[in-house]
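> Listed below, chain by chain, are the residues.
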Amino acid sequence: MVNALPADVEEAVARTGEAEIVVGIPSFNNADAVGPLVEEVDGSLRRYFPSRRGVIVHSDGGSTDGTPGRALDAASRPDVLLQVPFRLYTAQKLAEPYHGIPGKGTAVQTIFLVAQRLGAKACVVVDVDTRNTQADWISNLVRPVVEEQFDYVAPRYAVRHDPGGGLARGIIYPMTRALYGKRIRLPVGGDVCVSGSFVSGLLARGAWDADVLQLGIDNWAGVQAVSGGYKTCEAFLGATIATPRNVAFDLSAMIAQVLGPLFREMGRTAAAWQKVRGSEPVPVFGQPSDVEDAIPAVDPRRMIESFRIGYKNLQEVWGIVLPPSTLIELKQLHVAADDGFRFGDEAWARTVYDFALGYHYRKMNQDHLLAALTPLYLGWVASFVLEMKDAGSKLREERIERLCAAYETQKPYLISRWRWPDRFSP
Amino acid sequence: MWNQISEALSESTRGVIVKVAEFLPGLLAMMAAVLLALLVALVVRVALRRSLRGTDFDRRVAQWGFSDVEAWSPGGSPSTLITGAVTWTIVLIGFLVGLAALNAELPTRVSISVLAYMPNVLVAFLLLAVGSLLARFLSRGVLIGAVNLRLESARLLSLGVKWLILVLAGAMALEHLGLGGNIVELAFAILFGGIVLALALAVGLGSKDMVSRSWESQLSRTKEEVHDELPRV
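Just so you know, the protein sequences line up as chains A and B, in that order.
Taken in order, the first sequence gives residues 1 to 426; the numbers are from the numbering used here.
Taken in order, the second sequence gives residues 1001 to 1233; the numbers are from the numbering used here.
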């Protein structure tokens, strides 16, 4: 039952009464990070919204490192923090999701349910993995909802060099922009604010998918916002510093976790995105940071090598998804010298669209399909790094803009193949 | 003397005519059974083909994740494979029924033993089909996973996994058919063991540098480095 909370949580929520602003913190074994985050959020609510009642909802998945205790100690008053555990199954604990919180979707769902019970106008979900969340970020996220009646506020970070940065720039942003016509830089952002009506809308959908609950909540919620006709905007946040993790990260798993929900939502929202032409900017609130977003030194040679190993071994697999014309372009890329290694924007956009089509039409096992995209993605990242190695923020923005334009130009290709998969093969 | 010869000839002629008269109904019954089976097979074939086309079966098979079935189907169409299999099964059953109708001891025994053996053949066929699907699925998974780990021997690994499963499925099918006896078991053990050994040697020798590099970096890197290793752009 999606709208049910455990009886003791219901009682605790009833005792809390009402709140205008809810700030949710999903966590699992984040003892070091949760204390400072609760302090910062608590301070932000008191400083920026003294006349509105704010409650921090901490949803923990059964941490064994004392995370709930640290959160409780950090709160200025007991009534400002509401702790609502979420149930985490053993299988969920074993999976390492890209956002670091196993079962984050269940945590967010619990936070949304509590926000709904409290009658919250705005519900923020913050990323416990971010080490330097600032008080004014919470303010920037909340104001558009409580003062301007926006439904979904996405983060616009000044710098966010997390492992998913390339994925956001190369696929998520340009693709969601081309599909749904809204220019939101990070529709998969960890720090977001949503309105009470958006929360009610998502909860009214009934049971959420198991994948959404375990892995792809950020992506899923963002797509619901842009495809569901909600009033969306962005808020400027600063440069984020992510908490390092103990385990090595699996890039192909992250690609599957981020792109799987996006491709799946494409199927559900096909009627909506096929009508969208072009894209429009969304309002941005707050002051942009003057921090220069420089690309960290990355050696593209290893990525090029990954692409070449992929080309040598996966041609047969790629051939199931990609049309011959794209395979020819990949062949040219395979023989190109390292310095001249450039993945064309149109070819890249068509490649991503073809994988989305292959996923939708189940041309092969969906996990295999998403994993087979990894060498191609690394090829694109290498090409981007080589092209932008000496470029500043402005030039890089222009470059991303050109890539987005290519995605929009190639959208008729996607629509044609989506509607007539057997008839259209360039 | 002449009378005796004539009597013997007429006796043998009568015997042959009686034999032919006894055999003819069985032959006619066999021909009728085969013709009927052909007719039924034709009707079933047309009906099945239409209904499978009507339900867009080929596309559904691909959507259910059995896209590999296409590769094993004539003309890349699983519905053609199914209609063909059903048609020929009906014709074969009709032929065996016809053989039994001949009322002769040998054909009857043959047809009964073939019919009794049919379940074994079907199970063996099923084992081979499942084995080949599993082999393709797992070998593709291993290939993609190994490529993402940047293993140069990705294709070799994938081939090894494919043949391991095919050999296993083949041995199981042969054992189910009761063919080969100990030879199959022995050959399977040798082949299976050989493939595992070959894989172990290939991966061990081919990837020893990679493994040692991997261990070195695992031992030396800090948490920050783990995070920095990925393409953050």
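One or more of the hints may lead you astray.
[Claimed, not checked] A few chain B residues facing chain A, derived, Cβ under 7 Å:
no. : residue
1   : Arg1136
2   : Arg1140
3   : Gly1141
4   : Ile1144
5   : Val1147
6   : Ser1153
7   : Ala1154
8   : Arg1155
[Stated by the list, open to error] Counterexamples of contact, computed for chain A against chain B with all Cβ distances above 12 Å:
no. : residue
9   : Leu88
10  : Ser197
11  : Asp367
To be clear, the hints were calculated from the coordinates, so they are not data collected in a lab.
Cβ atoms here follow ideal geometry from the backbone N, Cα and C, with glycine treated the same way.
> Next, verify each hint and record whether it holds.
Evaluated hints:
1. Evaluation of the arginine 1136(B) hint against chain A yields a violated restraint, the C-beta minimum of about 10 Å exceeding 7 Å.
2. Look at arginine 1140(B): its Cβ gets to within about 6 Å of chain A, closer than 7 Å, so that hint holds up.
3. Interface hint at glycine 1141(B): satisfied, since its Cβ lies 6 Å from the closest Cβ of chain A, which is below the 7 Å cut-off.
4. The closest approach between the C-beta of isoleucine 1144(B) and any C-beta of chain A is roughly 5 Å, which is under the 7 Å cut-off, so the hint is satisfied.
5. Interface restraint check for valine 1147(B): the shortest CB-CB distance to chain A comes to about 5 Å, inside 7 Å, so the restraint holds.
6. With its C-beta approaching chain A no nearer than about 10 Å, serine 1153(B) sits outside the 7 Å limit, and its interface hint is violated.
7. A hinted interface residue such as alanine 1154(B) counts as satisfied when its beta carbon comes closer than 7 Å to some beta carbon of chain A; here the least separation is about 5 Å, so the hint holds.
8. Of the supplied interface hints, the one on arginine 1155(B) holds, with its beta-carbon coming within about 5 Å of a beta-carbon of chain A, less than 7 Å.
9. Even its closest Cβ contact with chain B, about 23 Å, leaves leucine 88(A) beyond 12 Å, as expected for a residue assigned away from the interface.
10. Taking the minimum C-beta to C-beta distance to chain B, about 36 Å, the non-interface status of serine 197(A) holds against the 12 Å cut.
11. At the 12 Å boundary, the C-beta of aspartate 367(A) falls inside the reach of chain B, the nearest C-beta of that chain being 8 Å off.
The earlier numbered hints that this structure contradicts are 1, 6, 11.
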